[in-house]
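> So the protein lines, in turn, are chains A and B. The opening position of the first sequence corresponds to residue 345 in the numbering used here, with each subsequent residue numbered one higher. The opening position of the second sequence corresponds to residue 345 in the numbering used here, with each subsequent residue numbered one higher.
In short, the hints are calculated from the structure, not lab data. A portion of the hints provided could be inaccurate.
[Stated by the list, open to error] Straight-line alpha carbon distances no greater than 27 Å define the calculated DSSO-like cross-link-like pairs of lysine-lysine that follow:
| # | chain 1 | residue 1 | chain 2 | residue 2 |
| --- | --- | --- | --- | --- |
| 1 | A | Lys452 | B | Lys474 |
| 2 | B | Lys452 | A | Lys370 |
| 3 | B | Lys480 | B | Lys441 |
| 4 | B | Lys438 | A | Lys378 |
| 5 | B | Lys480 | B | Lys370 |
| 6 | B | Lys438 | B | Lys476 |
| 7 | B | Lys480 | A | Lys452 |
| 8 | A | Lys441 | A | Lys480 |
| 9 | B | Lys437 | B | Lys356 |
| 10 | B | Lys438 | B | Lys378 |
| 11 | B | Lys370 | A | Lys452 |
| 12 | A | Lys438 | A | Lys480 |
| 13 | A | Lys452 | B | Lys356 |
| 14 | A | Lys370 | B | Lys474 |
| 15 | B | Lys452 | A | Lys437 |
| 16 | A | Lys356 | B | Lys452 |
| 17 | A | Lys356 | A | Lys474 |
| 18 | A | Lys474 | B | Lys378 |
| 19 | B | Lys452 | B | Lys438 |
| 20 | B | Lys474 | A | Lys378 |
| 21 | B | Lys356 | B | Lys480 |
| 22 | B | Lys378 | A | Lys378 |
| 23 | B | Lys441 | A | Lys476 |
| 24 | A | Lys452 | B | Lys437 |
| 25 | B | Lys476 | A | Lys476 |
| 26 | A | Lys441 | A | Lys356 |
| 27 | A | Lys480 | B | Lys378 |
| 28 | A | Lys370 | A | Lys438 |
| 29 | A | Lys474 | B | Lys370 |
| 30 | A | Lys476 | A | Lys438 |
| 31 | B | Lys476 | A | Lys378 |
| 32 | A | Lys437 | A | Lys480 |
| 33 | A | Lys378 | B | Lys356 |
| 34 | A | Lys476 | A | Lys441 |
| 35 | A | Lys476 | A | Lys452 |
| 36 | B | Lys476 | A | Lys370 |
| 37 | B | Lys438 | B | Lys356 |
| 38 | B | Lys480 | B | Lys437 |
| 39 | A | Lys438 | A | Lys356 |
| 40 | A | Lys474 | B | Lys452 |
2 protein chains.
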Amino acid sequence: MSQQINGLDLAKLREIVELVSANREKAEELNVWKARVRWLGGFRGRAYIRDHSFVVDEPADLAGVDTAPNAVEYVLAALGSCLTVGFILNATKKNVKIDDLEIALEGKIDNILTFLGLSREGHPGYREIKVKLYVKTSASQEEVEEIWRETFNTSPVGNTLTRNVNIIPELSIHRP
Amino acid sequence: MSQQINGLDLAKLREIVELVSANREKAEELNVWKARVRWLGGFRGRAYIRDHSFVVDEPADLAGVDTAPNAVEYVLAALGSCLTVGFILNATKKNVKIDDLEIALEGKIDNILTFLGLSREGHPGYREIKVKLYVKTSASQEEVEEIWRETFNTSPVGNTLTRNVNIIPELSIHRP
């Protein structure tokens, strides 16, 4: 059986990196991601991603029925998950064993009132997100800091949030 | 019983908008959102948000076990859900009945190779996201376009993605 570290199979991980590295088409494939969201009534929706699906709702104080997190909460979870995967990837590549890891996130919206149409000041997006990594490991402080820095610089969701994404809308109206 | 439209109770929605409008503290409360992500081994993690929790994983071709969507897919779902809620909110405020609604999203990452440490060109974040709204309604083309435009301009996740978010990292190392 091949070597495992941090729950990852090292031989398999190396194989994947080599495949993507050698195969331009495979790399291009991994650049494209898709999702669909179907409205369920009120503020509820179901997201469909490949073979997976999950609900998105709003809490009661935003007129939802609170059966699931809302969209801005999923953004925080996506950032935390992305940094988790990145940290484990970068630690594993350096042969650093991680015993435990948790990330706590807190995001501050510039002005939620603009979403509700109650203000024209500022905007309703996140202005700032605090990310705190709790990690249990025997690695040196320097090693952990280096892995954390590398994880930040190479995070897909991190880079998405700290840069400007170009959103291209399209509209298709159907009649009842 | 009070009037319902699009699965929303109009009196309750008005009540919420008035509460947030009149109460600065409540508005500030709705500006702050939190999440935690716990590592489950390999590339799996569980996100905790208020009373909710869900899994994040990677597909097999990124060394995961594919038990759930991955972080960049959750970002697309968050954008689609945010635009769904916003469209229904803005339609309901205008008393426009929506019969059906679905949003399809496709995101293009600048260069996934940078995430795997195989390239220094570009970055691994989304460069572009296409968003297509399919909506079934009797409202006029102009009305639907106006609601769609307003939804885009006031979308929390939309504004988060099209702007630069300031991410503040913190690190807490624990010893086994």
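> Please go over all the hints and tell whether each is borne out by the structure.
Status of each hint after checking the structure:
1. Restraint check: the Cα-Cα separation between A/Lys452 and B/Lys474 comes to about 26 Å, which is no more than 27 Å; the hinted pair holds.
2. Annotation: proposed proximity of B/Lys452 to A/Lys370 holds, straight-line Cα distance about 14 Å (limit 27 Å).
3. With a C-alpha separation of about 9 Å, the suggested pair B/Lys480 and B/Lys441 falls inside the 27 Å cut-off, and the hint holds.
4. A C-alpha spacing of about 31 Å is found between B/Lys438 and A/Lys378, which places the hinted pair above 27 Å, so the restraint is violated.
5. The suggested pairing of B/Lys480 with B/Lys370 is violated, with an alpha-carbon distance near 35 Å, which exceeds 27 Å.
6. In summary, the hint linking B/Lys438 to B/Lys476 is supported, as the alpha carbons are separated by about 22 Å, within the 27 Å threshold.
7. A distance of roughly 34 Å separates the Cα atoms of B/Lys480 and A/Lys452; the hinted pair therefore is violated under the 27 Å criterion.
8. Straight-line distance between C-alpha atoms of A/Lys441 and A/Lys480 comes to about 9 Å, which keeps the hinted pair within the 27 Å bound.
9. With a C-alpha separation of about 12 Å, the suggested pairing of B/Lys437 with B/Lys356 holds against the 27 Å cut-off.
10. Among the hinted pairs, B/Lys438 with B/Lys378 is inconsistent with the structure: their alpha-carbon atoms are about 32 Å apart, more than 27 Å.
11. Among the hinted pairs, B/Lys370 with A/Lys452 is consistent with the structure: their alpha-carbon atoms are about 14 Å apart, no more than 27 Å.
12. For a cut-off of 27 Å, the pair hint linking A/Lys438 to A/Lys480 stands: about 16 Å separates their Cα positions.
13. Our distance criterion of 27 Å between C-alpha atoms is met by A/Lys452 and B/Lys356, whose separation comes to about 26 Å.
14. Distance restraint check for A/Lys370 and B/Lys474: the Cα-Cα separation of roughly 21 Å lies within the 27 Å cut-off, and the hinted pair is therefore satisfied.
15. Between the alpha carbons of B/Lys452 and A/Lys437 the distance comes to roughly 26 Å, so the proposed pair stays at or under 27 Å and holds.
16. The straight-line distance between the Cα atoms of A/Lys356 and B/Lys452 is roughly 26 Å, inside the 27 Å bound, and the hint therefore holds.
17. In summary, the hint linking A/Lys356 to A/Lys474 is not supported, as the alpha carbons are separated by about 34 Å, beyond the 27 Å threshold.
18. As the CA atoms of A/Lys474 and B/Lys378 are separated by approximately 10 Å, the hinted pair is consistent with the 27 Å bound.
19. As the CA atoms of B/Lys452 and B/Lys438 are separated by approximately 34 Å, the hinted pair breaks the 27 Å bound.
20. This hinted pair checks out: B/Lys474 and A/Lys378 have alpha carbons roughly 10 Å apart, not beyond 27 Å.
21. Between the alpha carbons of B/Lys356 and B/Lys480 the distance comes to roughly 25 Å, so the proposed pair stays at or under 27 Å and holds.
22. Taking the CA atoms of B/Lys378 and A/Lys378, the gap is near 25 Å; set against the 27 Å cutoff, the hint holds.
23. Restraint check: the Cα-Cα separation between B/Lys441 and A/Lys476 comes to about 43 Å, which exceeds 27 Å; the hinted pair is violated.
24. Annotation: proposed proximity of A/Lys452 to B/Lys437 holds, straight-line Cα distance about 26 Å (limit 27 Å).
25. Of the supplied pair hints, the one linking B/Lys476 and A/Lys476 is violated, its CA atoms being roughly 35 Å apart against a limit of 27 Å.
26. For the hint linking A/Lys441 to A/Lys356, the alpha-carbon distance of about 17 Å falls within 27 Å, and the restraint holds.
27. A hinted pair counts as satisfied when its Cα atoms are at most 27 Å apart, and A/Lys480 with B/Lys378 qualifies at roughly 22 Å.
28. Restraint check: the Cα-Cα separation between A/Lys370 and A/Lys438 comes to about 25 Å, which is no more than 27 Å; the hinted pair holds.
29. Distance hint between A/Lys474 and B/Lys370 is fulfilled; the C-alpha atoms sit about 21 Å from each other, no more than 27 Å.
30. Among the hinted pairs, A/Lys476 with A/Lys438 is consistent with the structure: their alpha-carbon atoms are about 22 Å apart, no more than 27 Å.
31. For the given pair, B/Lys476 sits about 12 Å from A/Lys378 by alpha-carbon distance, which is consistent with the 27 Å threshold.
32. Only pairs whose Cα atoms come within 27 Å are accepted, and A/Lys437 paired with A/Lys480 is accepted, the gap being roughly 17 Å.
33. Taken as a hint, the A/Lys378 and B/Lys356 pair is broken in the structure, with Cα atoms around 35 Å apart against an allowance of 27 Å.
34. Between A/Lys476 and A/Lys441 the alpha-carbon distance is near 20 Å, which keeps this suggested pair within the 27 Å criterion.
35. The hinted pair formed by A/Lys476 and A/Lys452 meets the criterion: a straight-line CA distance of about 15 Å does not exceed 27 Å.
36. For the hint pairing B/Lys476 with A/Lys370, the CA-to-CA distance comes to about 26 Å; that is within 27 Å, so the pair holds.
37. Proposed proximity of B/Lys438 and B/Lys356 is supported: the alpha carbons are some 16 Å apart, at most 27 Å.
38. A threshold of 27 Å between alpha carbons decides the hint, and for B/Lys480 with B/Lys437 the separation of about 17 Å falls inside it, so the pair holds.
39. For a cut-off of 27 Å, the pair hint linking A/Lys438 to A/Lys356 stands: about 16 Å separates their Cα positions.
40. Distance hint between A/Lys474 and B/Lys452 is fulfilled; the C-alpha atoms sit about 26 Å from each other, no more than 27 Å.
Violated hints, listed in ascending order, are 4, 5, 7, 10, 17, 19, 23, 25, 33; each of the other numbered hints is respected by the structure.
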